[in-house]
Amino acid sequence: MDIEEIKDLVKRSQEKDKDAFSRLFDFYYDKIINYVFRRTLDVEYSKDITSNVFLKALDNINSFKWKNGIDSFNAWIFKIATNEINQYFRKQNRYKLIIDDPEIRFNLKSEDNLAFEIEKKVDNDKYLIILSKAIKELKPIYQDILHLRYFEEMPYNEISEILNKNESTVRVYAKRAIEELERVLKKDAINFINYGRTI
Amino acid sequence: MEELFKKVKNEKISFGNHKNALRELLLSRDYFNEKKDYWNWKLVFSSLSFSCLLIAFVFVFPASSGSMINNLDKNMNVNNLGSGEWAGQDVKIYEMVEKEAKTLFYFDARNDVLVHSEVNNK
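Keeping their order, the protein sequence lines are chains A and B. To convert, note that position 114 of the first sequence is 485 in the working numbering; the numbers rise steadily by one, no gaps. To convert, note that position 93 of the second sequence is 684 in the working numbering; the numbers rise steadily by one, no gaps.
In case anyone wonders, no lab produced these hints; they're calculated from the structure. Values in this document were obtained by computation on a predicted structure and should not be read as measured data. Heads up, the beta-carbon is just placed ideally off N, CA and C, and yes, glycines get one too. Please note: incorrect hints may appear among the correct ones.
[What the hints assert, rightly or not] In silico lysine to any residue, SDA-like type, Cα no more than 20 Å apart, as pairs:
(1) 597(B) to 551(A)
(2) 546(A) to 595(B)
(3) 387(A) to 621(B)
(4) 510(A) to 612(B)
(5) 418(A) to 693(B)
(6) 427(A) to 617(B)
(7) 418(A) to 623(B)
(8) 387(A) to 616(B)
(9) 610(B) to 393(A)
(10) 378(A) to 450(A)
(11) 402(A) to 607(B)
(12) 402(A) to 597(B)
(13) 418(A) to 617(B)
(14) 597(B) to 545(A)
(15) 418(A) to 604(B)
(16) 546(A) to 594(B)
(17) 427(A) to 386(A)
(18) 378(A) to 607(B)
(19) 558(A) to 595(B)
(20) 382(A) to 625(B)
(21) 597(B) to 523(A)
(22) 418(A) to 612(B)
(23) 418(A) to 611(B)
(24) 402(A) to 527(A)
(25) 402(A) to 614(B)
(26) 693(B) to 670(B)
(27) 389(A) to 622(B)
(28) 450(A) to 433(A)
(29) 557(A) to 596(B)
(30) 610(B) to 423(A)
[What the hints assert, rightly or not] Simulated restraints on C-beta separations:
(31) 461(A) to 604(B): 20 to 28 Å
(32) 619(B) to 550(A): 25 to 33 Å
(33) 510(A) to 636(B): 46 to 54 Å
(34) 546(A) to 639(B): 48 to 56 Å
(35) 674(B) to 383(A): 37 to 45 Å
(36) 413(A) to 636(B): 23 to 31 Å
(37) 415(A) to 675(B): 53 to 61 Å
(38) 382(A) to 636(B): 20 to 28 Å
(39) 675(B) to 458(A): 47 to 55 Å
(40) 620(B) to 535(A): 37 to 45 Å
Could you build the full structure based on these sequences and the hints that come with them?
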């Protein structure tokens, strides 16, 4: 769906057009719930948080105004989702996630081959856990940026709108977040090698 | 690193019937049953201006309210809806019809003083 179609659906939703809102919901549901799930790794909480996101979006849709230069509705709804996720984390005190799965093992031949080794050795359904675990060891702002930039593939100007930070700050944080993530992934891989050696 | 993110992004998670249930919940909300908020500033401004003018007339020229009603009948796109009641008062009700809205005027039945007006979107 292109930005003009979304603009039209938003305008019609603001005029209480059920069909328009239903189409908008269908377009954003998968994006939002998958974003929430990648952040929380909990199916039931993801459903609850996603429900809250869309209820808040509906309650506040009349106060939404388009801004030039960005897909501002996308930024707006992801801002609601990000705030709901962070509220959930604050309540649960769950910014950190500890996953202790003895079945995940790495056999790292060389630190330069980190990503390649992960791909070779790990089943597909573990990617999410490994990467999400590593991201969750980072500062909350780095977690937000990594998810929005690399999973949701948003441009920096939209991320800056969502996080209420200027664009140059977001770019600097994104670079630092990747560096930190690489450090955590390497550390996790080495820990897993050591775990494998003890059994 | 980007490739790793892409692999994770392609993983499918099942959320059961949550999507359909949530859609149904949202579409049944009061928001969709409320009267449409239609803000046309030209319309609002012109209706408000007209109402203010009428009210000003009533205060400045109270004796002329009767002729004001006659003028409404003759010069405006106005229908005489007859007698009615508003806030416990007997009133005469006039309706001014425009493209997107109707304005109702309530005049006290005894002294033809304008007591209330309201704009309703069509």
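Taking the hints in turn, this is what the structure says about them:
For the hint pairing residue 597(B) with residue 551(A), the CA-to-CA distance comes to about 19 Å; that is within 20 Å, so the pair holds. Only pairs whose Cα atoms come within 20 Å are accepted, and residue 546(A) paired with residue 595(B) is accepted, the gap being roughly 16 Å. Of the supplied pair hints, the one linking residue 387(A) and residue 621(B) holds, its CA atoms being roughly 10 Å apart against a limit of 20 Å. A threshold of 20 Å between alpha carbons decides the hint, and for residue 510(A) with residue 612(B) the separation of about 35 Å lies outside it, so the pair is violated.
For a cut-off of 20 Å, the pair hint linking residue 418(A) to residue 693(B) is broken: about 45 Å separates their Cα positions. About 10 Å separates the Cα atoms of residue 427(A) and residue 617(B), which keeps this hinted pair within 20 Å; it holds. Of the supplied pair hints, the one linking residue 418(A) and residue 623(B) is violated, its CA atoms being roughly 23 Å apart against a limit of 20 Å. Between residue 387(A) and residue 616(B) the alpha-carbon distance is near 15 Å, which keeps this suggested pair within the 20 Å criterion.
A threshold of 20 Å between alpha carbons decides the hint, and for residue 610(B) with residue 393(A) the separation of about 11 Å falls inside it, so the pair holds. With a C-alpha separation of about 18 Å, the suggested pair residue 378(A) and residue 450(A) falls inside the 20 Å cut-off, and the hint holds. Among the hinted pairs, residue 402(A) with residue 607(B) is consistent with the structure: their alpha-carbon atoms are about 16 Å apart, no more than 20 Å. The hinted pair formed by residue 402(A) and residue 597(B) meets the criterion: a straight-line CA distance of about 14 Å does not exceed 20 Å.
Simply put, residue 418(A) and residue 617(B) have alpha-carbon atoms about 14 Å apart, close enough for the 20 Å limit, and the pair holds. Simply put, residue 597(B) and residue 545(A) have alpha-carbon atoms about 17 Å apart, close enough for the 20 Å limit, and the pair holds. About 12 Å separates the Cα atoms of residue 418(A) and residue 604(B), which keeps this hinted pair within 20 Å; it holds. Pair hint residue 546(A) plus residue 594(B) holds up; C-alpha atoms about 17 Å apart against a cutoff of 20 Å.
The straight-line distance between the Cα atoms of residue 427(A) and residue 386(A) is roughly 17 Å, inside the 20 Å bound, and the hint therefore holds. For the hint linking residue 378(A) to residue 607(B), the alpha-carbon distance of about 30 Å lies beyond 20 Å, and the restraint is violated. The straight-line distance between the Cα atoms of residue 558(A) and residue 595(B) is roughly 17 Å, inside the 20 Å bound, and the hint therefore holds. As the CA atoms of residue 382(A) and residue 625(B) are separated by approximately 16 Å, the hinted pair is consistent with the 20 Å bound.
Between residue 597(B) and residue 523(A), the direct Cα distance comes to roughly 10 Å. Compliance with the 20 Å bound is thereby established for this hinted pair. Of the pairs offered as hints, the one joining residue 418(A) and residue 612(B) holds, with about 11 Å between alpha carbons and a cut-off of 20 Å not exceeded. This hinted pair checks out: residue 418(A) and residue 611(B) have alpha carbons roughly 12 Å apart, not beyond 20 Å. Taken as a hint, the residue 402(A) and residue 527(A) pair is honoured in the structure, with Cα atoms around 18 Å apart against an allowance of 20 Å.
For the suggested pair residue 402(A) and residue 614(B), the alpha carbons sit about 15 Å apart, so the restraint of at most 20 Å is met. For the proposed pair residue 693(B) and residue 670(B), the alpha carbon gap of about 10 Å is at most 20 Å, so the pair holds. Restraint check: the Cα-Cα separation between residue 389(A) and residue 622(B) comes to about 10 Å, which is no more than 20 Å; the hinted pair holds. Proposed proximity of residue 450(A) and residue 433(A) is supported: the alpha carbons are some 16 Å apart, at most 20 Å.
With a C-alpha separation of about 16 Å, the suggested pair residue 557(A) and residue 596(B) falls inside the 20 Å cut-off, and the hint holds. Distance hint between residue 610(B) and residue 423(A) is fulfilled; the C-alpha atoms sit about 13 Å from each other, no more than 20 Å. A beta carbon spacing of about 24 Å between residue 461(A) and residue 604(B) agrees with the range 20 to 28 Å that was offered as a hint. At about 48 Å, the CB distance of residue 619(B) to residue 550(A) disagrees with the hint of 25 to 33 Å.
The given range of 46 to 54 Å is respected by residue 510(A) and residue 636(B), whose C-beta atoms sit roughly 51 Å from each other. As the Cβ distance of residue 546(A) to residue 639(B) is approximately 55 Å, the hint placing it in 48 to 56 Å holds. Checked against the given bound of 37 to 45 Å, the beta carbons of residue 674(B) and residue 383(A), roughly 41 Å apart, stay inside it. One distance hint, 23 to 31 Å for the beta-carbon pair residue 413(A) and residue 636(B), is violated here, with the actual separation near 52 Å.
For residue 415(A) and residue 675(B), the Cβ-Cβ distance of about 56 Å falls inside the hinted range of 53 to 61 Å, so the restraint holds. Restraint check, residue 382(A) to residue 636(B): a C-beta distance of roughly 22 Å satisfies the suggested window 20 to 28 Å. Range check, residue 675(B) to residue 458(A): Cβ separation about 51 Å, and the 47 to 55 Å hint holds. Residue 620(B) and residue 535(A) have their C-beta atoms about 28 Å apart, which leaves the hinted 37 to 45 Å range violated.
The structure does not agree with the numbered hints 4, 5, 7, 18, 32, 36, 40 stated previously, though it agrees with the rest.
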